[in-house]
Amino acid sequence: MPRIAPKALQISAGARHEFAGVVAEVGQGIEDVTIGDHVVVQPFMLEGNCPWCRTDHPSLCDAAAVVGFTYPGGGGIADFISVPRYNVHKLPTTIPLEVGALVEPLAVGWNAVSSSRFRPGNTALIIGAGPIGLAVILALSAKGAARILVSEPSAARAETARSLADIHVLDHASPSLAVDVRQLGGGQGPDIVFDCAGVQKGIDFAFDAVRKQGTIVNVASWASKPVVNVNALSLKQLTYIGVEAYTRQHFEEVIAKIASGDIKDPARLITSTITLQMAPKKIQQLLETTLLVTPVPKTVGSLRTSQQHKSAAMRSSVLFIAEAE
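Counting with the numbering used here, you get residues 107 to 431 for the letters of the sequence shown.
Hint data in this document are derived by calculation from the structure and do not stem from the laboratory. Any given hint could turn out to be false.
Taking lysine to aspartate or glutamate and the EDC-like style, the derived pairs with C-alpha atoms no more than 16 Å apart in a straight line are [to be verified]:
hint, residue 1, residue 2
1, Lys249, Asp371
2, Lys196, Glu137
3, Lys342, Asp310
4, Lys249, Asp272
5, Lys196, Glu131
6, Lys342, Asp314
7, Lys196, Glu350
8, Lys370, Asp272
9, Lys196, Asp138
10, Lys331, Asp310
11, Lys249, Asp368
12, Lys196, Asp272
Cβ-Cβ distance ranges computed for the label pairs, FRET-style [claimed, not checked]:
hint, residue 1, residue 2, range
13, Ala171, Ile141, 19 to 29 Å
14, Ala279, Gly133, 52 to 62 Å
15, Thr345, Gly292, 16 to 26 Å
16, Ala171, Pro259, 32 to 42 Å
Using N, Cα and C, we set each Cβ at its ideal position, and we do this for glycine too.
Using the sequences and the hints given, assemble the complete structure.
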């Protein structure tokens with residue numbers, strides 16, 4: 107299990123970028139982080155001098171390396187990982203490490219809502235209630251959405267979404283679905299639609315459902331190039347926004363909102379527990395299902411790391427916590 111260290115210590119090429127851990131060593135000159143601190147790592151390692159780095163847009167840096175993908179210093183399931191101080195965010199003692207492992211995907215949802223022109227009292231529609239869709243739901247709830255609608259054909263995912271906030275799950279079998287959505291959106295449709303599914307039927311539904319002069323936010327990563335209805339974009343005078351990842355500020359805001367309770371109990375995303383010995387078998391199941399794997403210890407004294415292991419575009423969403431030996 108990885109611990110946050112300032113240099114490579116038996117580092118393996120451990121993948122994954124959504125994790126929290128315990129500081130094992132601290133580099134010279136660093137005084138605000140100490141050994142034993144619980145931290146979460148923002149996984150974009152910056153070049154530092156480009157305009158995007160200077161304005162805190164790490165995902166736009168052409169030279170950025172990403173932990174678990176292109177960063178040579180280790181990943182979230184390595185024995186240790188070495189990261190710059192800039193990428194480390196301290197966790198309050200009130201936030202357990204397994205919740206800290208959720209900060210990264212929650213920051214994606216937080217950025218999506220923050221970038222969307224959302225205002226308190228708006229009605230929002232989320233298309234796709236996978237891990238990122240659920241993160242958007244928690245962000246909308248924290249920011250004061252008047253009504254949250256969810257389009258999710260999977261009964262398991264829809265039930266998870268219902269557990270997070272006061273939402274309305276759309277009935278896809280309804281012959282009057284388009285009318286239903288408009289009525290639920292105050293007669294005009296939702297103010298904002300968040301596409302977290304990345305499928306053609308989803309984006310078509312988004313353009314049909316959103317109100318005139320509304321906003322559609324693409325949060326999804328697409329496996330293919332979608333067809334976008336530019337006529338509807340113009341005739342309905344819509345705003346279409348693309349978002350990716352987050353900034354350092356989003357990480358800090360999510361941590362603060364979890365600590366304050368504004369992001370309500372994100373641990374509800376955790377649905378079951380496994381041991382580390384079971385992890386290989388569960389990872390194999392990624393071929394069939396989305397697994398969010400979070401290793402945590404049996405006792406607080408041996409706490410070392412938390413890791414979320416995610417596979418996109420699968421059939422269901424289940425969160426596992428693995429216990430350390």
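Verification of the hints:
At most 16 Å may separate the alpha-carbon atoms for a hinted pair to count; Lys249 and Asp371 meet this at roughly 15 Å. Taking the CA atoms of Lys196 and Glu137, the gap is near 13 Å; set against the 16 Å cutoff, the hint holds. With a C-alpha separation of about 14 Å, the suggested pair Lys342 and Asp310 falls inside the 16 Å cut-off, and the hint holds. For the given pair, Lys249 sits about 13 Å from Asp272 by alpha-carbon distance, which is consistent with the 16 Å threshold.
With a CA separation close to 14 Å, the supplied pair Lys196 and Glu131 stays within the 16 Å bound. Distance check on the hinted pair: Lys342 and Asp314 sit about 10 Å apart at the alpha-carbon level, within 16 Å; holds. The straight-line distance between the Cα atoms of Lys196 and Glu350 is roughly 23 Å, outside the 16 Å bound, and the hint therefore fails. Straight-line distance between C-alpha atoms of Lys370 and Asp272 comes to about 12 Å, which keeps the hinted pair within the 16 Å bound.
The suggested pairing of Lys196 with Asp138 holds, with an alpha-carbon distance near 9 Å, which does not exceed 16 Å. Note on Lys331 and Asp310: the hinted pairing holds, with a Cα-Cα distance of about 13 Å set against a maximum of 16 Å. In summary, the hint linking Lys249 to Asp368 is supported, as the alpha carbons are separated by about 8 Å, within the 16 Å threshold. With a CA separation close to 31 Å, the supplied pair Lys196 and Asp272 exceeds the 16 Å bound.
The hinted range of 19 to 29 Å is satisfied by Ala171 and Ile141, whose Cβ atoms lie roughly 25 Å apart. Range check, Ala279 to Gly133: about 58 Å between beta-carbon atoms, so the 52 to 62 Å window is met. For Thr345 and Gly292, the Cβ-Cβ distance of about 18 Å falls inside the hinted range of 16 to 26 Å, so the restraint holds. A hinted range of 32 to 42 Å for the beta carbons of Ala171 and Pro259 is consistent with their spacing of about 37 Å.
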